[in-house]
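Undergrad: Sequence:
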Amino acid sequence: MHADGTYTDEALVRRLLAAQFPDWADLPVERVGSHGTVNAVYRLGTELAVRLPRVEGGSKDVAAEHRWLPRLAERLPFAVPVPLAEGVPAEGYPWSWSVCRWIDGDNPAVGSGGACLAADIAEFVLALRRVDTTDAPPAYRSEPLAARDTATRGALETLHGVIDIARAAAVWSDALGAPGPQGPLVWVHGDLQPGNVLVSGGRLGAVIDFGCMGLADPAVDLIAGWYLLPAGPRRHFRTRVGADAAEWVRARGWALSIALMELSYYRTSNQMMASTARHVIGEILEETGRAGSAG
Numbered sequence: 001m002h003a004d005g006t007y008t009d010e011a012l013v014r015r016l017l018a019a020q021f022p023d024w025a026d027l028p029v030e031r032v033g034s035h036g037t038v039n040a041v042y043r044l045g046t047e048l049a050v051r052l053p054r055v056e057g058g059s060k061d062v063a064a065e066h067r068w069l070p071r072l073a074e075r076l077p078f079a080v081p082v083p084l085a086e087g088v089p090a091e092g093y094p095w096s097w098s099v100c101r102w103i104d105g106d107n108p109a110v111g112s113g114g115a116c117l118a119a120d121i122a123e124f125v126l127a128l129r130r131v132d133t134t135d136a137p138p139a140y141r142s143e144p145l146a147a148r149d150t151a152t153r154g155a156l157e158t159l160h161g162v163i164d165i166a167r168a169a170a171v172w173s174d175a176l177g178a179p180g181p182q183g184p185l186v187w188v189h190g191d192l193q194p195g196n197v198l199v200s201g202g203r204l205g206a207v208i209d210f211g212c213m214g215l216a217d218p219a220v221d222l223i224a225g226w227y228l229l230p231a232g233p234r235r236h237f238r239t240r241v242g243a244d245a246a247e248w249v250r251a252r253g254w255a256l257s258i259a260l261m262e263l264s265y266y267r268t269s270n271q272m273m274a275s276t277a278r279h280v281i282g283e284i285l286e287e288t289g290r291a292g293s294a295g
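Per full-length UniProt numbering, residue 1 is the first one in the sequence shown, and the count goes up by one each step.
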């Protein structure tokens, strides 16, 4: 998926464990089937997971996760993957890596959540917003939408004949024109997509992969409305989080910008990511077309 990525396999995981965490070295190791783009995940025994960043950027997230996830876990109403150990580069593997608790659950299909999941995601988002922001780092997506304009329009240019470029550009322009956040920046997960949540029986069980976490516009986490929910539950989600018109338009802009870049980048290298992005773009264009405007 990435030109600068690195290769991992079960044998590498066993070597790393034997050298650095021998108490776990005899546990069975099994690669987890995943369409994730930042980390390769291996199940370690029945209760643990090993996460090996695929790219250098993911490696930089390891220290932040070890610092902040234990603190966030105490204040969140759903499980998160609290790290247990931090590994160092070795055995030909160039970056930091981690061992954390395994959490059971399934990734939902894109846009498949019902009212219960909408309520649960809203509860998670609101709880995260209430966490003390003292010394918190900026989120991966902490910039204003305007700072993404060049990259977003660049992605649009690569998608001629793939999506309705004119309608997408109009929605993006509306998002750029929305008033910015009026309150302080808050804690966000930053990437509430199907691959980063676990569900069971239609309810949220856990939120995983906090590599994008930090302080940002509250609208950033509302991308869940298009990535995880269809139209009806999406409206329920908006009501539960109390998003006003400006915040919702910004949230739509965030979802569109992210999806455009994902579709442009992953069209040939990750079909699941590309399919998810295409779905999100379609939902946004249908929603704004139905409403007659981006409001």
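Possibly wrong hints are sitting among the right ones.
Computed spacing ranges between beta-carbons, pair by pair [to be verified]:
(1) Glu286 / Gly33: 23 to 33 Å
(2) Ser200 / Pro230: 39 to 49 Å
(3) Ala169 / Ser112: 36 to 46 Å
(4) Glu10 / Pro89: 15 to 25 Å
(5) Asp106 / Asp164: 48 to 58 Å
(6) Gly154 / Gly201: 36 to 46 Å
(7) Arg203 / Ala73: 13 to 23 Å
(8) Ala90 / Asp164: 48 to 58 Å
(9) Asp23 / Ser269: 35 to 45 Å
(10) Glu30 / Asp164: 19 to 29 Å
(11) Pro89 / Arg167: 18 to 28 Å
(12) Arg167 / Asp23: 51 to 61 Å
(13) Thr46 / Pro144: 41 to 51 Å
(14) Glu157 / Ala19: 39 to 49 Å
No lab work stands behind these hints: they were computed from the structure.
Note that the coordinates shown come from a computational prediction; the quantities given were computed from them, not determined experimentally.
For every residue, glycine included, the Cβ atom is placed at its ideal position computed from N, Cα and C.
Undergrad: Could you run down the list of hints and mark each one as holding or not?
TA: Comparing the hints with the structure gives:
In this structure the hint that Glu286 and Gly33 lie 23 to 33 Å apart at CB holds, the actual value being about 31 Å. Range check, Ser200 to Pro230: Cβ separation about 19 Å, and the 39 to 49 Å hint is violated. In this structure the supplied range 36 to 46 Å is violated for Ala169 paired with Ser112, their Cβ-Cβ distance being about 28 Å. The given range of 15 to 25 Å is respected by Glu10 and Pro89, whose C-beta atoms sit roughly 19 Å from each other.
Between Asp106 and Asp164 the beta carbons are some 32 Å apart, a value that contradicts the proposed interval 48 to 58 Å. Taking 36 to 46 Å as the suggested C-beta distance range, the pair Gly154 and Gly201 conforms, at roughly 41 Å. At roughly 19 Å, the beta-carbon separation of Arg203 and Ala73 lies within the given 13 to 23 Å, and the hint holds. For Ala90 and Asp164, the hinted distance range of 48 to 58 Å is satisfied, since their beta carbons lie about 49 Å from each other.
A hinted range of 35 to 45 Å for the beta carbons of Asp23 and Ser269 is consistent with their spacing of about 37 Å. Under the hint 19 to 29 Å, the C-beta atoms of Glu30 and Asp164, about 42 Å apart, miss the expected range. The hinted range of 18 to 28 Å is not satisfied by Pro89 and Arg167, whose Cβ atoms lie roughly 46 Å apart. A C-beta distance of roughly 56 Å is found between Arg167 and Asp23, which places it inside the suggested range of 51 to 61 Å.
In this structure, Thr46 and Pro144 meet the distance hint of 41 to 51 Å, their C-beta atoms being roughly 44 Å apart. For the pair Glu157 and Ala19, the beta carbons lie near 47 Å from each other, so the given range of 39 to 49 Å is met.
The structure fails hints 2, 3, 5, 10 and 11 (numbered hints given earlier, in ascending order).
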